[in-house]
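Spelled out, the chains give:
2 protein chains.
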Amino acid sequence: MSLIVQKYGGTSVGSIERIKNVAQRIAKWSRAGHQLVIVPSAMSGETNRLIGLAKDIQPVPDPRELDVVAATGEQVTIGLLAMALMQLGLKAKSYTGHQVRVLTDSAFTKARIIDIEERRIRADLQAGTIVLVAGFQGQDELGNITTLGRGGSDTSAVALAAALRADECLIYTDVDGVYTTDPRIVPEARRLTSITFEEMLELASLGSKVLQIRSVEFAGKYRVRLRVLSSLSDVDQPLAIEANSGTLITYEEDTKMEQAVISGIAFSRDEAKITLTRVPDRPGIAYQILGPIAEANLDVDMIIQNTSVDGTTDFSFTVHRNEYAKAMDVLDTKVKDHVGAQSLVGDPKICKVSVVGIGMRSHVGIASLTFRTLSEEGINIQMISTSEIKISVVVEDKYMELAVRALHKAFALEQAIA
Amino acid sequence: MSLIVQKYGGTSVGSIERIKNVAQRIAKWSRAGHQLVIVPSAMSGETNRLIGLAKDIQPVPDPRELDVVAATGEQVTIGLLAMALMQLGLKAKSYTGHQVRVLTDSAFTKARIIDIEERRIRADLQAGTIVLVAGFQGQDELGNITTLGRGGSDTSAVALAAALRADECLIYTDVDGVYTTDPRIVPEARRLTSITFEEMLELASLGSKVLQIRSVEFAGKYRVRLRVLSSLSDVDQPLAIEANSGTLITYEEDTKMEQAVISGIAFSRDEAKITLTRVPDRPGIAYQILGPIAEANLDVDMIIQNTSVDGTTDFSFTVHRNEYAKAMDVLDTKVKDHVGAQSLVGDPKICKVSVVGIGMRSHVGIASLTFRTLSEEGINIQMISTSEIKISVVVEDKYMELAVRALHKAFALEQAIA
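In order, the protein sequence lines correspond to chains A and B.
Our numbering applies: residue 212 is where the first sequence begins, and numbers increase by one.
Our numbering applies: residue 212 is where the second sequence begins, and numbers increase by one.
Rather than coming from a laboratory, the hints here were simulated on the basis of the structure.
Here the structure is a predicted model, which means the values were calculated and not measured.
Where hints are given, some of them may not hold.
Simulated DEER-style distance windows between Cβ atoms [stated by the list, open to error]:
1. 328/B <-> 444/A: 30 to 38 Å
2. 444/A <-> 395/B: 52 to 60 Å
3. 259/A <-> 328/B: 29 to 37 Å
4. 235/B <-> 338/A: 48 to 56 Å
5. 591/B <-> 446/A: 30 to 38 Å
6. 444/B <-> 361/A: 38 to 46 Å
7. 337/B <-> 318/A: 24 to 32 Å
8. 262/A <-> 395/B: 51 to 59 Å
9. 235/B <-> 445/A: 49 to 57 Å
10. 497/B <-> 262/A: 53 to 61 Å
11. 338/A <-> 506/B: 46 to 54 Å
Which bits of chain B does chain A cover? Going by a derived footprint, with three or more residues having C-beta under 8 Å, they are [stated by the list, open to error]:
12. 221-232
13. 262-274
14. 600-607
Each residue gets a CB set at the ideal place from its N, CA and C atoms; glycine is no exception.
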């Protein structure tokens, strides 16, 4: 008997019929003797509907009140799914974030989980009850309702798995695993049977929208065995097959002796780049530039600063395209003159393409193959950033698909490992 | 400066435009310097939508989980209304039932309020913030989400007014007050400018659907000054006029020196009558009959037992028509033979018509005029029940409108008090 946490995405619970279907899937696990904690998202479209109502009233909704409204989507689903399980003759009980409770900080609309109480859940599991916990939501120290941001239910599930020391955390979604890249762009893209947390982090943060990045960080930190699998597969397939389907995300590098050098090509079109030119190069300059950006609650992705020439340096970074205007405004009014930059320039029409693979650590030549491939396609590289297991380039956004396809082919990702 | 609790019904907040309209109405009160606690219902149709989803999954939804689902409707409205108020430049903050907290018993779907904490609300009011509290919902001692049953937001508002010792509780609804009877049946029906709690209790319980009866009981018990008024009136009308519109429900009988003998004709079509015939008349028989009915959570309305003849008596009562089948089943399986009744007979095709008025106490002849009026219309009276301030009769349901019109005319209710 294992303790399993299962998360079901919005599409998986998007209608009454699908909720009943999910209940049957859960029943299969329950009847095999597993203890189950289920984290459903809101029914697909519901969170957008709620946020739409809010924006119709207040174009920039108050974050605290937006969370009050948005948190209702998951609350509806836990109740409905509990009923569906009871209808199948199972014991089930639902909890909202504040009932569990899931304690978060007070960063409304993008709160972070601090702690999860396990007392009630543990008692219910021991009584043979399937526990449903509303994803995406929590409560701060003052009792305010908070939400975790888009995809937050993934994080809820992983955090619950960590708190309960679950044997595995299954993320049921509408794709059947993690691919070498988006099959809509590269039809030859191949599903990975396993991938390391580090690779998944790079792939998730760079645009493979299978999992919320924070959930992967959480899973890595607390060593939660995480699996992404399809909620659309035949519910009657044997449990043993289902339990090994999808993509396993693991910290066990040694299980991947046959690992390919590169595991995938990630990309993100929702990026914008911003550069402050000729900034006097003195200690603390990065903080003086990015401090006000952080205070404005803007997330920064790539940051690049090259060696200074003549005592000045060009400082660049990328932000989400939706936050480009705000970031430019912050820099223009609070930073540019303060740090003595010559000019502030930005470009929202860029994209980022990344080559990711844990095998990169021990192989030379990955960077040169990447740059050569793009060069042969006539794609100009605007920025480069590397880590131990990835190489990211910023290019003009119209070249995104071309760059991804060319790199996927260059690294022979369509071929399974022998 | 007064402390005012205002409740807005589902129709009043049924769309984005109406929510904005309600916000303007609240702003008018706020700018006049009043402290305000606002209790909105769910957007009209929303509670039915949620219950519909639940029933699609579980024909008889689990009550605890149904409350989890149903409570979300009001949670959405408080958030949206708070945003609408902020959009008008006002300070506003919302609270769910568990955040306040509104402590109730654990009778899911029909919970009763035990206590309301006033600490947070009081602090916000003193800081000049308009407080929004989700109606219809609370939390039991164990932290489970509860709801108060249909119309429960009225009770939430009155309970808040009592806890905060508010100067007045305004129930904004889609009618402009309490009428002598339903104007759809009697076009000459007249709006009452004031009415006592006792009269309102009889009118509410008997089918004038303006206010949830429990809210009136609550208001009477805690001496909350209660006013029913229209949320559809011109939002730009002067506050002094709006504040005196509608119908005031008061415990101050002495303000009603000009009180008519009869204040209204109430009615209910959703009734069914049940009779156990020839029950041996011994102590405890009423309890033996109604105990199992109460255990089955069925509400009983009229109860009639006449003097026994030959040591047996006929015991009759009425229930809501929706609960008729269940009540008959309970009596048939658990009661009839146990108490030694000769037979069990029922009729779901009846209605109740009541003449209500506090002036009845000091006037003879009300009963005889009632019976004569029905007799002249050829309407047979099946059951009679009286209290100090009302006379109720059960008649065949097809006569309901005729009976109401005839009685309204007989007591000259279309004429205002001179």
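For this session: Starting from the hint list further up, note which numbers the structure goes against and sort them upward.
Result: Failing hints, ascending: 1, 5, 8, 11 and 14.
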